[in-house]
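> As given, the protein sequences belong to chains A, B, C, D, E and F, one line each in that order.
The numbering of the first sequence is this note's numbering, which starts it at 3 and goes up by one.
The numbering of the second sequence is this note's numbering, which starts it at 3 and goes up by one.
The numbering of the third sequence is this note's numbering, which starts it at 3 and goes up by one.
The numbering of the fourth sequence is this note's numbering, which starts it at 3 and goes up by one.
The numbering of the fifth sequence is this note's numbering, which starts it at 3 and goes up by one.
The numbering of the sixth sequence is this note's numbering, which starts it at 3 and goes up by one.
Hints are computed from structural coordinates only; laboratory data are not their basis.
All figures in this text were calculated on a predicted structure; none of them were measured in a lab.
Any given hint could turn out to be false.
Heads up, the list lumps identical chains together, so a pair's fine if it works in one copy or across two of them.
Unchecked claim - Subject to a maximum C-alpha distance of 30 Å in a straight line, what follows is the list of computed DSSO-like cross-link-like pairs (lysine-lysine):
hint, residue 1, residue 2
1, K98, K144
2, K144, K68
3, K192, K144
4, K98, K68
5, K192, K68
Number of protein chains: 6
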Amino acid sequence: MKHTPTSHHELGPLLAFGAHPDDIEFGCGGVIAKETLSGRAAHFVVCSRGESASHGTQAQRLAEAKNAARILGAAIEFADLGGDAHFEVRAVHALKLAGIIRRIRPGVVLVHSLEENQHPDHPRLGQLVRDACRLARYGGVKELRRAPPHAIGQLFYYALTPEAEPVNVAPVLIDVSAPEILAAWTAAMKAHASQAASRNYVDLQLTRARYCGLRAGIGHAIALFPGDPLVLDSLAQAGRGARRF
Amino acid sequence: MKHTPTSHHELGPLLAFGAHPDDIEFGCGGVIAKETLSGRAAHFVVCSRGESASHGTQAQRLAEAKNAARILGAAIEFADLGGDAHFEVRAVHALKLAGIIRRIRPGVVLVHSLEENQHPDHPRLGQLVRDACRLARYGGVKELRRAPPHAIGQLFYYALTPEAEPVNVAPVLIDVSAPEILAAWTAAMKAHASQAASRNYVDLQLTRARYCGLRAGIGHAIALFPGDPLVLDSLAQAGRGARRF
Amino acid sequence: MKHTPTSHHELGPLLAFGAHPDDIEFGCGGVIAKETLSGRAAHFVVCSRGESASHGTQAQRLAEAKNAARILGAAIEFADLGGDAHFEVRAVHALKLAGIIRRIRPGVVLVHSLEENQHPDHPRLGQLVRDACRLARYGGVKELRRAPPHAIGQLFYYALTPEAEPVNVAPVLIDVSAPEILAAWTAAMKAHASQAASRNYVDLQLTRARYCGLRAGIGHAIALFPGDPLVLDSLAQAGRGARRF
Amino acid sequence: MKHTPTSHHELGPLLAFGAHPDDIEFGCGGVIAKETLSGRAAHFVVCSRGESASHGTQAQRLAEAKNAARILGAAIEFADLGGDAHFEVRAVHALKLAGIIRRIRPGVVLVHSLEENQHPDHPRLGQLVRDACRLARYGGVKELRRAPPHAIGQLFYYALTPEAEPVNVAPVLIDVSAPEILAAWTAAMKAHASQAASRNYVDLQLTRARYCGLRAGIGHAIALFPGDPLVLDSLAQAGRGARRF
Amino acid sequence: MKHTPTSHHELGPLLAFGAHPDDIEFGCGGVIAKETLSGRAAHFVVCSRGESASHGTQAQRLAEAKNAARILGAAIEFADLGGDAHFEVRAVHALKLAGIIRRIRPGVVLVHSLEENQHPDHPRLGQLVRDACRLARYGGVKELRRAPPHAIGQLFYYALTPEAEPVNVAPVLIDVSAPEILAAWTAAMKAHASQAASRNYVDLQLTRARYCGLRAGIGHAIALFPGDPLVLDSLAQAGRGARRF
Amino acid sequence: MKHTPTSHHELGPLLAFGAHPDDIEFGCGGVIAKETLSGRAAHFVVCSRGESASHGTQAQRLAEAKNAARILGAAIEFADLGGDAHFEVRAVHALKLAGIIRRIRPGVVLVHSLEENQHPDHPRLGQLVRDACRLARYGGVKELRRAPPHAIGQLFYYALTPEAEPVNVAPVLIDVSAPEILAAWTAAMKAHASQAASRNYVDLQLTRARYCGLRAGIGHAIALFPGDPLVLDSLAQAGRGARRF
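Please model the complete structure; the sequences and the hints are all you need to start from.
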């Protein structure tokens, strides 16, 4: 409450965090495709190598993640927060992520929601990134002095499963119906071939997006949950409501 | 679920409903001013003459309401739902309001929130208007055959007091800081001179808007609560989050 | 929002509403006993004759209700809101109850909570009384002109069963452990002899009060749910928290 | 709280209420199919003729509803609550529905959830049926003397759209994956041919059921929301949790 | 989301975790008694020796815990998570508990709820066990390679006090009214004689169970809160609702 | 659950915790002023030196904090929980704070709420202090043996921003309208001169207090959120409700 943010709300790059090599793709790959196809830069930070999963070697999974990022038009880097299935809410981790935020200087940040769901690492990363977005603003943090403070424009949470959807925050629905977007998204999910044993996970995500789109009267949509209320210039900017039925 | 909506989401006029002659002005007058100053048409429907209030004759209050609407650049009409302090959730009332919606064919509708608060008429009108927005879409409703079905773009709730703010819907904050907007809003509230006994009610609303603006790092803002999730074309459309502190 | 309340917050009488002849006694009889034993006047309004119940004639039930009120040191009157099992949220009913509030001029009002529970009449009466407390303040309501406006000090909700307890309002717990209070309360509940078939309903209420008291580290307590936040002069007035275990 | 229920918890017939001719089929048709295929009797009460919809004559819609009920192996009757798009929460309606409950004497009752959603009639019917289940138990209700009191075993709410799903009640998921169940359900939905304009409504429901099934690690499932906590004899009865991912 | 669970939902043993030597007995001892009396195996994991409590030596408390487990027909082991009053949410702890789950291979797991309540250790253990249930499924976790992955059937939370009851998850109520069950439960609670100073803690639990039973129209019941929605084969499996009053 | 509290509920001193040097003053300085002006002792524990903030040296900030405490009539000490922007929920921190509670032996404790808000340190300190209040009661905690167990009377949470206000706990509003209280509060906030860059933070707090007071029909008020339900001796003690509009 005593920290001067560096105000900066122009359309900076998109910065997406995922706990495991395929989380960003499955959680919000369609939104990424839409943004990069429209020319916005995107940057992925994958915070483990998925080494605790039942299938896939670390080498395979890294190659898959890099390929998926390439399909979505995003840059990618890896961060170490103690290893897959070992995430903890520690200051040292939040500071590491805040350093990345200061380096990339994003307009929008995307991360797992804070709701407990299928994997304990997911909400932990959500908390760490939320904290990191705050820490990145504070001018006096010793560990962050390498880069100037940065205030992001908005933090959006994505949800890999319905359990992960916050119940008391209205989502915004992003239209991902365009064929080239759906194609890129599907390809990026399928790039994670080592995870084929859970291949109906792709089915789950497309089904969710179709379900979400049907509610809104469009083809497919992905729900994102804003971290703070939206500040709008006019009612026109709010678009229309999702109310097809 | 078996009714074909007439899809129509171009920027139609703004339609605002209030239970008593000064509710729209106090609840969201700043938003109205912003929209009309930018050239959008606005239409008020006042659903009683405020005849149960402690002060002001019906003639005075009607004159005040007309004057306030004029200041805000809005057309105004009056509807009868049984009289001030006598509102009930009846089908006949919802159908009457649906008829108005079909006649005006708004893009955005504004009304009291559904939360119980200072006056029982407020959430009742909220419910009636929410229902009316639905009924206006159904092609077979006998009482509404005079005009073709109409599907609005979005319903926003306004809150006259903090008790009326929904706790589990994230608001959108509309920036009303421009001097000409604040001036028009304040003048419209003060136009209700017979209600001078509650004159710090103007103070309350400006204080709320300042408080809301401080949170967002701007001058003054008014919170509106969307009836359905927002459907957006891109993350850029979502603007930035309200996070000044 | 445009009605001048007659401010009046001295310790007026207690006014308790119940849908059926035994509701007040079972819902908050211990609190009534405590207040009347300390010298405060109490007034009961019973809004049906319990004529839809499985047991007891109307004559029996009226006699029982009068006897129970006598035991608790309260005056009693009956109001007609359409009959047992026929309550509706109608303006005419709220206005009738507002007239009683203007006549009795209470400091505190007690009524069923708004949560749906065992009997549809219960939350309906809660809504009607909440509305009536508002209407009683408005100077211009034609039907209420017989008596001057009156603003109550606080509205408390009582809950006959756990389902009726609001989940998002912290209760205040009233200590009813004193032997003379427990005795009066128990006697008032037992005065409803025609309802003997549900006699473990007495057991339920004493069990709840004991359970509630155990939480607070005292003998027995009754939870009431305030309609509006408490305004306190100091932290000392807030007493201590309920945290025995 | 003063009414003696007639305890009766053997497996009575299933009683399902719908506001419009196709609501039961779209909301929980798969569950109906499963129960009737296993030999349980089912009875539908359709509370309007869908006459306010954009498509279909009353004659068509009645024929469709009868056909769909036949496909699902259920009996059907029609009740009049004021007409499609005219539902109100009135005691007279609740008493009429309570009379049906006393006549059919169901073990389980199914109805629209109480959440506001696409059609104002839906939650209104939910409220009326919930009230009716209570009224059916009270021995002294004059209008209901034709048949003895009846206490149902459980009330389940169904949801036609995601907006209608209660957020603070955990659902139970009923497995409807068997091919003959899915076939009967789909046929019953398609029997409402006049509603073809909303034909992706069938798509929505199958998508929801697939989505729900994916979460639980099975094919398709329908979520129902219990009106009261489940009373179980053992943990084995609770089956397993829905946690595929 | 990238981990293949070993599906295994036959009726495995019951596995109950408690933070201190008497938590399982006080929180859900009646359910344990019911299950073991019906022949199911039960296994307790006590995660501290209660050494921060005001009364009782570690030797006494271990003896009491073993005796109580014996009374309830359960095996018992002790785990060290840093000591009484020192619990933290650390990956190393969750992994240790996941190892126990893989060794015991339970169908049902019972643990403290996640709500903050009387003792900070309680919800921490709840979180650790919830995480452990997830980790036990992932095939690649190095620390867990000693035993094959295991997916439990369901996780139930118990609540030691009302503050610990989750407010937005409907409980299931387990009937523990049978005299032999109540006797075993009471004896197991009283086996913790060193905790005699809090002897009305036994009173609290029996009062809660009686209160819970009264709601359901039975003698005594214990509420458990399922971690995931129940997947049921039919409505009959859901039993009846808890609605005595 | 097995720890004997030392009951002690007389009016002990006020103990307020803040994460950074100015948090107590901005969050609840008016309440502190009111209590100390009425003769109650107050003690501040500031848990960092604000060294991660954008402005102010550590020496400046300590001097400012001491000066502000002096203005409010409170004693002050500093505690180290790992440094500004480095707070974690660790047992060692909670035990350190519990030691302070045993030394000061307060009646009332004040701390940041548990809601995520502007600074990650805020809710972390809230959790640590809540835990510390529990640990201070347990007789056997080795690290705390220096002083006898102590049970506080009540824990109140304060909120620095609206995001930090708990949504499901009714606040109590403390009247801070008296000119000498407002003056002391304002002076204490302004004492933090190094934080001048955020000087409209003072404006925010006074605006909030005015807004809160307007709701209650008084000048200025500060909302506090009780950690446990209030135990009251009578309804008179509850004062009146906040319902001016």
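> Each hint: holds or not?
Tested hints:
1. K98 with K144: both (12 Å within a copy, 25 Å between copies)
2. K144 with K68: Between copies only: 24 Å across, 32 Å inside.
3. K192 with K144: Intra 42 Å, inter 27 Å, cutoff 30 Å: inter-copy only.
4. K98 with K68: Within one copy only: 21 Å inside a chain, 33 Å across chains, cut-off 30 Å.
5. K192 with K68: within (13 Å within a copy, 45 Å between copies)
This entry satisfies every hint, going by the numbered hints stated previously.
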